[in-house]
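**Student:** Generate coordinates for the entire structure from the input sequences, incorporating the hints supplied.
As a plain string of letters, each chain reads:
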Amino acid sequence: MVTAAPILMDTPSSASAKSSADKPTARPLTASVPSAAAPAGETLVDISNLDFFYNATQALHDINLKIEAKKVTAFIGPSGCGKSTLLRCLNRMNDLIDGTRVARGTIKIHGVDIYQSDVDVIELRKRVGMVFQKSNPFPKSIYENITFGLRLQGMNDKAKLDEIVEKSLRGAALWDEVKDRLDASGLGLSGGQQQRLCIARAIAVEPEVILMDEPCSALDPVATAKVEELIQELRSRFTIIIVTHNMQQAARCSDKTAFFYIGKLIEFADTRDIFTKPANAQTEAYVSGRFG
Amino acid sequence: MNASAAHLFQSQPNAARRSERATFWLFRAATYLVLACGLGVFGTIFFKGAGTVFKAEAPFINTTFFTEAPESLYVFEYEGKKLEMGDREFRAFKEKNPAAANVKSESYVYSAGGIFPCIVGTVLLVVGSMTIALVLGVCAAIYLNEYARDGLFIRFVRLAILNLAGVPSIVFGLFGFGMFVIYFGWNVSLLAGWFTLAFMVLPVVITASEESLKAVPKGFREGSLALGATKWQTIRKNVVPYALPGILTSSILGIARVAGETAPIMFTAAYVVRDKLPWDVAKAGDFFFQGVMALPYHIYVVSAKIPQNDYTERVQYGTAFVFLLVVALIAASSIILRNKLRSRYKW
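Those sequence lines, one after another, are chains D and H.
In terms of my numbering, the numbers along the first sequence are unbroken and rise by one, the last being 292.
In terms of my numbering, the numbers along the second sequence are unbroken and rise by one, the last being 347.
Treat the hints with care, as some may be off.
Stated by the list, open to error - Computed cross-link-like contacts, DSBU-like style, restricted to lysine-lysine with a CA-CA straight-line distance of at most 30 Å: (1) H:K218 <-> D:K167; (2) D:K179 <-> H:K237; (3) D:K158 <-> H:K231; (4) D:K167 <-> H:K237; (5) H:K231 <-> D:K134; (6) H:K276 <-> H:K237; (7) H:K96 <-> H:K81; (8) H:K340 <-> D:K179; (9) D:K179 <-> H:K218; (10) H:K218 <-> D:K140; (11) H:K94 <-> D:K134; (12) H:K55 <-> D:K140; (13) H:K218 <-> D:K108; (14) D:K70 <-> D:K277; (15) D:K167 <-> D:K134; (16) D:K160 <-> H:K346; (17) H:K104 <-> H:K340; (18) H:K94 <-> H:K82; (19) D:K66 <-> D:K277; (20) D:K179 <-> H:K81; (21) H:K48 <-> H:K81; (22) H:K231 <-> H:K214; (23) H:K283 <-> H:K305; (24) D:K264 <-> H:K218; (25) D:K71 <-> D:K226; (26) H:K214 <-> D:K134; (27) H:K218 <-> D:K226; (28) D:K160 <-> H:K237; (29) H:K340 <-> D:K134; (30) D:K167 <-> H:K55; (31) D:K134 <-> H:K218; (32) H:K346 <-> D:K140.
Unchecked claim - Cβ-to-Cβ under 7 Å is the rule here; a few derived chain H residues that face chain D: (33) A69; (34) G151; (35) L227; (36) G228; (37) A229; (38) T230; (39) K231; (40) K346.
Hints were generated in silico from the structure; no laboratory data involved.
Glycine included, each C-beta is placed from N, C-alpha and C at the ideal position.
**Tutor:** Given below as structure tokens:
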């Protein structure tokens with residue numbers, strides 16, 4: 001992992017994302033990703049002894065978790081168990097909330113502790129994309145939604161952008177539905193389409209990891225099925241971590257499942273094992289529907 | 001079953017019903033009273049001012065009133081007829097008719113001519129001060145809402161802004177006089193008036209801008225940040241454009257206030273009378289350092305500083321009418337701008 005270590009570092013070229021975005025000759029955005037990509041099954045995200053606080057309230061207790069590359073990992077557990085908090089630690093979205101801190105432990109991606117002081121959060125978030133619970137397309141055209149992240153990185157080549165828009169929309173199984181109205185507002189789409197647009201927007205910048213925070217909680221069963229199908233297609237290219245309230249969803253679309261309860265990781269194993277022969281009594285009670 | 005027999009849902013007069021009706025009428029009366037006051041004010045200005053602003057023959061608008069500077073009105077009797085003339089007209093008349101040279105006339109100051117310099121002055125004051133107020137106010141609101149962490153200092157800043165909103169406008173006038181006119185040595189000038197008025201509306205602009213920024217959904221920010229945007233990129237591309245319509249709405253209220261305030265400009269920017277128009281300057285830099293005439297101050301001068309009579313009343317109401325018109329026009333153009341932005345950045 002020595003060679004991969006500098007990728008999240010605060011290098012001069014990325015010290016100020018603003019300046020790099022304004023320069024037309026910004027680094028090619030995908031060039032460094034393949035070289036750093038971990039092969040399937042290898043540990044990509046390594047969380048060890050993590051304690052996390054909202055002010056004085058401890059939200060996560062001593063979490064130890066190794067997430068494998070190119071796999072779908074599901075976080076399940078009742079509300080308030082810390083699964084979303086942990087997810088938002090992985091791209092440091094919790095930094096936006098006042099009074100949050102990692103009190104102990106590390107989160108390493110490619111062996112780099114993402115909470116060490118010289119990490120550029122902007123570089124981190126380019127590699128660790130996120131899809132939110134409430135679909136949040138920008139009130140711009142579908143095309144502009146997809147190209148938003150690319151333009152931030154200074155890409156202005158129309159032909160290249162067109163190509164990536166098509167590729168991303170196809171990747172998100174949305175191309176056929178929107179190809180004739182790329183200039184229409186993203187807000188005009190249905191709820192399920194909006195969420196897939198957000199997924200397309202996330203994959204357009206070619207992250208390695210996609211974090212999904214209850215992506216289907218506001219969708220009807222048909223739209224949910226489409227998103228789940230999409231997750232199956234994306235697993236070969238991305239490492240996906242999905243938080244879900246829906247145990248069937250975790251069972252259907254994940255390889256590994258982590259069960260959280262009151263800020264603690266209770267059990268982490270292959271999804272099949274979690275749902276058929278959980279090692280822990282609490283896990284069994286939860287997955288069999290006795291609480292939660 | 002006879003006719004008077006009550007059915008199951010028969011309404012009964014009772015206390016709850018009576019108080020319901022009374023409350024309804026109370027609210028309705030309050031609303032109508034406000035309406036009546038508004039109509040009273042606007043109606044008086046309209047009917048009394050219309051005589052000055054419009055005239056019976058084509059082109060039906062008193063163009064002199066809109067395009068000339070104020071002059072004195074001379075009223076005199078000549079060959080049995082009672083005549084009214086402005087200063088320049090009267091002089092020309094005397095040259096043409098030597099017999100009129102020594103005619104006895106009464107003069108009424110500012111009651112003839114027009115108010116063009118005042119219109120120009122007010123428009124310049126509004127545009128300049130709103131520009132300053134919006135730039136400063138929006139920047140401050142962005143800092144307060146997007147960057148600053150809530151703490152003792154920020155609470156103190158907010159308290160200061162709140163208090164600033166309660167300061168009487170005459171105090172702003174004194175502040176502007178001391179700060180800009182004397183200390184900075186700008187004299188009575190557009191620049192001094194701009195900053196004084198801008199500081200006066202800043203609290204309104206900051207508070208409203210903050211509200212508009214708060215109304216932009218969190219998802220726009222998170223979505224942008226999660227794609228690797230910096231905070232400033234997020235604010236610039238995904239927050240401020242969507243807050244702009246709201247910010248402009250609030251600034252429309254600010255426009256009315258800035259245009260109408262007399263106290264802050266009477267020491268800092270307004271002249272009772274000035275012959276030169278603002279663009280009549282030797283070099284471009286002088287533009288900012290000249291005083292101007294302004295509509296509200298002109299209303300004050302013609303209503304309170306000169307002897308009152310029927311002739312001055314015309315110009316008083318005429319000026320008030322035009323003043324309302326100018327404010328309405330400036331406000332209308334910002335509403336149009338806002339609606340354009342709104343349809344462009346719809347969410």
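**Student:** Now, for every hint given, state plainly whether the structure supports it.
**Tutor:** Against the structure, the hints:
no., hint, in the structure
1, H:K218 <-> D:K167, "holds (28 Å)"
2, D:K179 <-> H:K237, "holds (25 Å)"
3, D:K158 <-> H:K231, "holds (26 Å)"
4, D:K167 <-> H:K237, "holds (24 Å)"
5, H:K231 <-> D:K134, "holds (21 Å)"
6, H:K276 <-> H:K237, "violated (44 Å)"
7, H:K96 <-> H:K81, "holds (17 Å)"
8, H:K340 <-> D:K179, "holds (28 Å)"
9, D:K179 <-> H:K218, "holds (28 Å)"
10, H:K218 <-> D:K140, "holds (16 Å)"
11, H:K94 <-> D:K134, "violated (82 Å)"
12, H:K55 <-> D:K140, "violated (51 Å)"
13, H:K218 <-> D:K108, "holds (28 Å)"
14, D:K70 <-> D:K277, "holds (24 Å)"
15, D:K167 <-> D:K134, "holds (24 Å)"
16, D:K160 <-> H:K346, "holds (28 Å)"
17, H:K104 <-> H:K340, "violated (59 Å)"
18, H:K94 <-> H:K82, "holds (15 Å)"
19, D:K66 <-> D:K277, "holds (21 Å)"
20, D:K179 <-> H:K81, "violated (82 Å)"
21, H:K48 <-> H:K81, "holds (26 Å)"
22, H:K231 <-> H:K214, "holds (15 Å)"
23, H:K283 <-> H:K305, "violated (33 Å)"
24, D:K264 <-> H:K218, "holds (28 Å)"
25, D:K71 <-> D:K226, "holds (19 Å)"
26, H:K214 <-> D:K134, "holds (18 Å)"
27, H:K218 <-> D:K226, "holds (26 Å)"
28, D:K160 <-> H:K237, "holds (22 Å)"
29, H:K340 <-> D:K134, "holds (28 Å)"
30, D:K167 <-> H:K55, "violated (69 Å)"
31, D:K134 <-> H:K218, "holds (10 Å)"
32, H:K346 <-> D:K140, "holds (8 Å)"
33, A69, "violated (49 Å)"
34, G151, "violated (10 Å)"
35, L227, "holds (4 Å)"
36, G228, "holds (4 Å)"
37, A229, "holds (5 Å)"
38, T230, "holds (5 Å)"
39, K231, "violated (9 Å)"
40, K346, "holds (6 Å)"
Hint compliance for this structure: hints 6, 11, 12, 17, 20, 23, 30, 33, 34 and 39 are not met, and every other hint is.
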